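> In my numbering, the protein residues as written are 1 to 189.
The set of hints was computed from the structure by calculation and includes no laboratory data. Certain hints may be false.
[Stated by the list, open to error] Below, a list of computed lysine to aspartate or glutamate pairs in the EDC-like style, where the Cα atoms sit at most 20 Å apart: (1) Lys185 with Glu143; (2) Lys185 with Glu147; (3) Lys185 with Glu152; (4) Lys187 with Glu144; (5) Lys187 with Glu143; (6) Lys187 with Glu157; (7) Lys185 with Glu174; (8) Lys187 with Glu147; (9) Lys185 with Glu157; (10) Lys187 with Asp160; (11) Lys185 with Glu144; (12) Lys187 with Glu152.
Please read all numbers here as calculations on a predicted model, not as lab measurements.
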Amino acid sequence: MSLSPSIRDKFATVGTVALGAALARRGLPGRRIDGLRPLALSQDPLVGEACTTIEHCRSGAVLILDAARPLPPMALLARRGVAGIVSAAPLREAAEIVRRGLPAYHRSSITATPLPIAGGEVLVGDRQGVLVIPAHLANEIAEEAVEALAFEAFTAEQVDAGGGVYGLHIASGEQARIAFAAWRKLKGR
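Build the full structure now, drawing on both the sequences and the hints.
Here it is as structure tokens:
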């Protein structure tokens, strides 16, 4: 499966909190990888399909490194079009990775715990960490998260205008659905 540019954009925009909630609603909680932190807080969001070897990485893939494998040369990563790096160990080439603007996540110490990521799964990373999304659910999860954030924005506007949240915060009735649909049309969302 290859992520479309629009789905990549949605993942990068909504972030891991909204995506984690969408996964939990489908009975898939705990898809966040513990112990990973962004190499730089100012880095762009990470979005791409997991790839476990540089030889198989396509453009837009995220290279997964276990603790025993060193990072391939940066020139090779650039030539392959790698979208980011997720490492089970500290990254020695941190300054070069940051300088090149490549989103990267790593563990700050070496552990024997492998990363629970299979090739082809979708990875999304932001300041909160890295989330693993099953490839076959990627489009649905992205759409659901976008929809949830739109509804949150709608609810916030209703409250700012003096309304209450009863019947609104969770779209629980026909009136809420009609009001939300009208709001979406008005906002072009």
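> Decide, hint by hint, whether the structure agrees.
Now the hints, each set against the structure:
1. Lys185 with Glu143: Roughly 17 Å between the alpha carbons, so the hint for Lys185 and Glu143 holds.
2. Lys185 with Glu147: Holds, because 13 Å separates the two Cα atoms, which is no more than 20 Å.
3. Lys185 with Glu152: Holds, because 16 Å separates the two Cα atoms, which is no more than 20 Å.
4. Lys187 with Glu144: holds (18 Å)
5. Lys187 with Glu143: Holds, at about 17 Å.
6. Lys187 with Glu157: holds (12 Å)
7. Lys185 with Glu174: holds (17 Å)
8. Lys187 with Glu147: Measuring from Cα to Cα gives roughly 13 Å; hence the hint holds.
9. Lys185 with Glu157: The given pair, whose Cα atoms are some 15 Å apart, holds under the 20 Å limit.
10. Lys187 with Asp160: Given that 20 Å is the threshold and the Cα spacing comes to 16 Å, the pair holds.
11. Lys185 with Glu144: With a Cα-Cα distance of about 18 Å, the restraint between Lys185 and Glu144 holds, given a limit of 20 Å.
12. Lys187 with Glu152: Judged against 20 Å, a Cα distance of about 14 Å means the pair holds.
Of the numbered hints stated above, none is contradicted by the structure.
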